[in-house]
Amino acid sequence: MPWIEHKIADGVSVLYLEGTWRLSNLTAISGALRELGLRVPDRRVVLDGSRLRELDTAAGFILFRHLELLGCNGSTLSVRGFDRRYMRLLALVHERMKCPPAAARSMHLDLVQRVGAATIRLWHLLKTHNAFIGIVSLDSLNLFRSPKLFRAKETVSQFEAVGLDAIPIVTLVTFLIGVVFAYLLGVQAERFGANIFVVDGVGLAVCRELSPLLAAVIVAGRSGAAFTAQIGTMKVQEEIDAIRTLGLSPIQVLVIPRLVAIMIALPLLVFVGDVAGIAGGMLVSAWQLDIPAALFTARLHAVLPMSAFIVGLAKAPVFAAFIAMIACRMGMLVARDARSVGENTTSTVVQSIVWVIVLDAVFAVVFQRLGV
Amino acid sequence: MDMVLEVNSIVTRFGSEVIHDGVSFSVKGGEVVALIGGSGTGKSVLLKEVIGLMRPCGGEVHLLGTDVWNSSEDEMNALRRRFGMLFQDGALFSSLTVAENIAVPFREHTNLSADIISSLVGFNLDLVGLTADTGRKSPAQLSGGMRKRVALARALTLEPEILFLDEPTSGLDPVGARAFDKLVRVLSDSFGLTVFLVTHDLDTLLSIIDRAIALSGGRVIADGPVDEVMRIDHPWIRDYFSARAAVVQGGS
Numbered sequence: 001m002p003w004i005e006h007k008i009a010d011g012v013s014v015l016y017l018e019g020t021w022r023l024s025n026l027t028a029i030s031g032a033l034r035e036l037g038l039r040v041p042d043r044r045v046v047l048d049g050s051r052l053r054e055l056d057t058a059a060g061f062i063l064f065r066h067l068e069l070l071g072c073n074g075s076t077l078s079v080r081g082f083d084r085r086y087m088r089l090l091a092l093v094h095e096r097m098k099c100p101p102a103a104a105r106s107m108h109l110d111l112v113q114r115v116g117a118a119t120i121r122l123w124h125l126l127k128t129h130n131a132f133i134g135i136v137s138l139d140s141l142n143l144f145r146s147p148k149l150f151r152a153k154e155t156v157s158q159f160e161a162v163g164l165d166a167i168p169i170v171t172l173v174t175f176l177i178g179v180v181f182a183y184l185l186g187v188q189a190e191r192f193g194a195n196i197f198v199v200d201g202v203g204l205a206v207c208r209e210l211s212p213l214l215a216a217v218i219v220a221g222r223s224g225a226a227f228t229a230q231i232g233t234m235k236v237q238e239e240i241d242a243i244r245t246l247g248l249s250p251i252q253v254l255v256i257p258r259l260v261a262i263m264i265a266l267p268l269l270v271f272v273g274d275v276a277g278i279a280g281g282m283l284v285s286a287w288q289l290d291i292p293a294a295l296f297t298a299r300l301h302a303v304l305p306m307s308a309f310i311v312g313l314a315k316a317p318v319f320a321a322f323i324a325m326i327a328c329r330m331g332m333l334v335a336r337d338a339r340s341v342g343e344n345t346t347s348t349v350v351q352s353i354v355w356v357i358v359l360d361a362v363f364a365v366v367f368q369r370l371g372v
Numbered sequence: 001m002d003m004v005l006e007v008n009s010i011v012t013r014f015g016s017e018v019i020h021d022g023v024s025f026s027v028k029g030g031e032v033v034a035l036i037g038g039s040g041t042g043k044s045v046l047l048k049e050v051i052g053l054m055r056p057c058g059g060e061v062h063l064l065g066t067d068v069w070n071s072s073e074d075e076m077n078a079l080r081r082r083f084g085m086l087f088q089d090g091a092l093f094s095s096l097t098v099a100e101n102i103a104v105p106f107r108e109h110t111n112l113s114a115d116i117i118s119s120l121v122g123f124n125l126d127l128v129g130l131t132a133d134t135g136r137k138s139p140a141q142l143s144g145g146m147r148k149r150v151a152l153a154r155a156l157t158l159e160p161e162i163l164f165l166d167e168p169t170s171g172l173d174p175v176g177a178r179a180f181d182k183l184v185r186v187l188s189d190s191f192g193l194t195v196f197l198v199t200h201d202l203d204t205l206l207s208i209i210d211r212a213i214a215l216s217g218g219r220v221i222a223d224g225p226v227d228e229v230m231r232i233d234h235p236w237i238r239d240y241f242s243a244r245a246a247v248v249q250g251g252s
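Residue numbers (my numbering), protein chains in the order written: chain A, 1 to 372; chain B, 1 to 252.
Since the hints were made in silico from the structure, they are not lab data. Some hints here could point you the wrong way.
[To be verified] Listed next, the in silico DSBU-like pairs over lysine-lysine satisfying Cα-Cα at most 30 Å (straight line):
{"id": "1", "chain 1": "B", "residue 1": "48", "chain 2": "B", "residue 2": "28"}
{"id": "2", "chain 1": "B", "residue 1": "182", "chain 2": "A", "residue 2": "98"}
{"id": "3", "chain 1": "A", "residue 1": "98", "chain 2": "B", "residue 2": "137"}
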């Protein structure tokens, strides 16, 4: 369909608009406008709407924009033969021709800018984490002065979600790791006929490193993410502001119960992990390495120092405190939109797991130096 | 003019609770019609049933000649491009900037070049009284009134034949609310746009509405020009309009 026809009459360019000038045909229309080859801005241009069937703002806008690019302006352009409704529409569109285009794509930063922006963000985050730890510490001290403010019920229900509900998954994971570890160790030990040393290896590795690390990673993924999502959603719904206006401290209501719950739950989960991991090792030893369970336990008693077991348990509350702090902080930092809940939850899991592993490395070095 | 929207004896029940007990009305092209009623009379539910988001227990809805609840998904998709809906809180996509939000319908339903789209987005922003700067912001950075304007711009992008507004002025200050009303009226007059809105706002009702439909007790209790509806003798209508009179008297 010829959307537009150009005729010259009495030294005036007449543009006849034809057909349905609607958004759905806009690609064809702008193509037709480009092919028009109208190039004489000093001649008067008349728009004729008598053949027009329909017109909408988008099409009107594109028409005016094109004419403007060709150098037409208010003094050289006139219109005739339009329906009254379309005249109003054209007037409305014409008033708005000066409006600048709005970039419909977000800005894309280059590599250096992105690295820079990420670094600055990280720095701010670490700085505010410190401030947050300060606030939580002060509020905890307050609790010692007035213990009635402690929310036992909330703490217990959080403990149930963080601790009890995580027992099956922690058991399964540590058990399987115990199996894998004993198997790998056994393959090596068998070559030297040193089967029995598998017990030493499994006991030490599970109690001292594997169980604390795995339990912490599982809790970070499970409960850390849950904390951020819960608190973040409350932030979006302005519930945190409501808590504050009611004269309560969001730290005492939301953060401390979670912090206490997770600090009690994680050592217990580590203990569960110790038992399950050793059970896994015992199973493989009995099957593959001809070490009966009785021999395994006797050897374990003889070689596993109590200190290794305690070191494993002692690391757990520290991991737990970091996970709770990061998770609650990220929840509080959620902006008032749905996307930021997701972003902060992701960030919580990443930060918690990284911190757990960093802390574990620090502990390994420190305990080595201390000779524990 | 033809009927743009026809609603025939809609029945809605939630469990044993009857929300609509045979609601019928129609809207002509180019009209600005308000649906009023107390809280819990099912105004927003009715709106959802009209635009095909929630199936009524009985009755028929004909929107722009399409039977909303007896059409194929293709017919409904074609219909969805012909009406615009403004949700109560704007329902902007939080992961996109304002300009990207407005560009979504262009991107999804047309194959225009990026250059043309950004000009059209700028035009639409200007149409609802926002500057091109606003386009770069994210919805979280906007005030309630601006969010509604952006949502209106998005609802207008595909040049709808009928526009549905769910409490367009709730949460706006009186000045912002009147400006929004005026904008809706101007758009309706200029584009011959049919507007169907749910509102509690008496000022909206008294300033830009051609016709009001009042819901009460699951039925339409009044349907006509606002000054006629005002005179109907019904307890809820009396209370509704006298609340306004009380405010005016108290102020003077």
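State the violated hints by number, sorted upward, taking the hints as numbered earlier in the document. No numbers; nothing is violated.
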